[in-house]
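**Student:** In order, the protein sequence lines correspond to chains W and H. Residue numbers for the first sequence follow the numbering used here, so the first one is 7 and each next one is one higher. Residue numbers for the second sequence follow the numbering used here, so the first one is 7 and each next one is one higher.
No wet-lab data here; the hints were simulated from the structure. Check the hints yourself; a few may be wrong.
No copy labels: a pair is met if it fits in one copy or bridges any two.
[Stated by the list, open to error] Using 30 Å as the maximum straight-line C-alpha spacing, the simulated DSS-like pairs for lysine-lysine come out as follows: (1) Lys110 / Lys31; (2) Lys127 / Lys110; (3) Lys31 / Lys76; (4) Lys25 / Lys127; (5) Lys31 / Lys16; (6) Lys141 / Lys127; (7) Lys25 / Lys147; (8) Lys79 / Lys16; (9) Lys139 / Lys25; (10) Lys16 / Lys102; (11) Lys79 / Lys127; (12) Lys139 / Lys110; (13) Lys147 / Lys79; (14) Lys127 / Lys13.
Protein chains: 2
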Amino acid sequence: MTIDKSKELKTSIQLVNQKLHFEGKADGNNPVSIDYTPPLGDNLGYTSLELFLLSLSSCTGSALLVILRKMEKNIDFFEVISNGYRRAEHPTGFNKINIQVNLKSGNISSQDMTKAIDLIKDICPVLSMLDAKIKVVIEFKIAV
Amino acid sequence: MTIDKSKELKTSIQLVNQKLHFEGKADGNNPVSIDYTPPLGDNLGYTSLELFLLSLSSCTGSALLVILRKMEKNIDFFEVISNGYRRAEHPTGFNKINIQVNLKSGNISSQDMTKAIDLIKDICPVLSMLDAKIKVVIEFKIAV
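Only chain W is shown next, with the shape it has when bound in the complex (with noise of 0.2 Å):
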C-alpha cells in the first residue's frame, strides 16, 4: 500500500537473533541493521541513537540546502558531521548534540549560513519534536 508521505511515513523492524539485532525497513529502501554494544547487543548495526544523529542531520541539512538554493547559492561540496552526548543517568538520551556543516562553494558567506541557520528551525521537522531540554548547537566551515 503506497501512503502520502506527506501525511503519514510507516516503518517496521524485526528482530533477526536472540539479543538485539533488528532489520528495519520503510518503502522498499535496502533494509538496515539495527544493533546495540555488547553485551546487551553484537554491534552488528546502527545504534538506536546513531539513527537519530542521521535524522536530525538529515533533516537540518536539508532544509538548509533548500533555503540556500532559494538564496541561489551553488553547493560544491556538503556534509553534516553529528555528535550526541548522553546523559549519564537513566534514560541516557543526549543533553547536547553538535552538528557541524562542512560546504564549498563560491558564493555563500557567513552571514547567508547564519541566515539560513535561523530559518531551518521553522521548517525542520525533525529539530521541531526535540525536548526544549536538549541543547543542539549547528556550526559551519564554508571552503571556497
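On the provided structure of chain W, position chain H as indicated by the hints.
**Tutor:** Same frame as chain W, but now just chain H:
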C-alpha cells in the same frame, strides 16, 4: 578514532547529488541512503522522518526486550511497526506516533506487556528526547 558509545555517538552524512540525496554513515556500518520525496528529492533512500521512526521503534523495542528477558520471558518472534502522522503546517513533524509491537511467546501475558511498556519510559533514550506534546501510543499483539 573509537568513541565510547555509552557517552557519545557520532554520524556523518554527505550530499551525493545536486538535490537532497545523502549517504549516511556511523562507525563502519554499511552506508544508509537518505533522500526526500519529489520534487525536492528523488526518493532514493530513507527520509529523515523514516529514520526517526526507525530510531524510536528500535529504542522502544530494545528496551522492551531487555525488560521481558529480565522477567525470564521467551520471545520467538518480535517486530515493531511504527506509523507517524505529520502536522499539516510547518514544521511538519509528527504530532502522533503509533508503535505496534507484534510478538510471539509461550509465556508473556498482556499484563506482562503493560508492565514492560510502563517501564520503558525510564530507560528508552529516544523516547526521553521527544517533546511532551507528541502523542506516542504503544500497542501490542501477542501470538502463542
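**Student:** Does each hint fit the structure? Answer for all of them.
**Tutor:** Against the structure, the hints:
no.	hint	verdict
1	Lys110 / Lys31	between (33 Å within a copy, 20 Å between copies)
2	Lys127 / Lys110	within (23 Å within a copy, 42 Å between copies)
3	Lys31 / Lys76	between (32 Å within a copy, 28 Å between copies)
4	Lys25 / Lys127	between (38 Å within a copy, 20 Å between copies)
5	Lys31 / Lys16	both (9 Å within a copy, 22 Å between copies)
6	Lys141 / Lys127	both (13 Å within a copy, 21 Å between copies)
7	Lys25 / Lys147	between (41 Å within a copy, 20 Å between copies)
8	Lys79 / Lys16	between (34 Å within a copy, 28 Å between copies)
9	Lys139 / Lys25	neither (32 Å within a copy, 32 Å between copies)
10	Lys16 / Lys102	both (28 Å within a copy, 12 Å between copies)
11	Lys79 / Lys127	within (20 Å within a copy, 44 Å between copies)
12	Lys139 / Lys110	neither (32 Å within a copy, 38 Å between copies)
13	Lys147 / Lys79	within (15 Å within a copy, 51 Å between copies)
14	Lys127 / Lys13	both (20 Å within a copy, 27 Å between copies)
Hints 9 and 12 from the earlier list are contradicted by this structure; the remaining hints agree with it.
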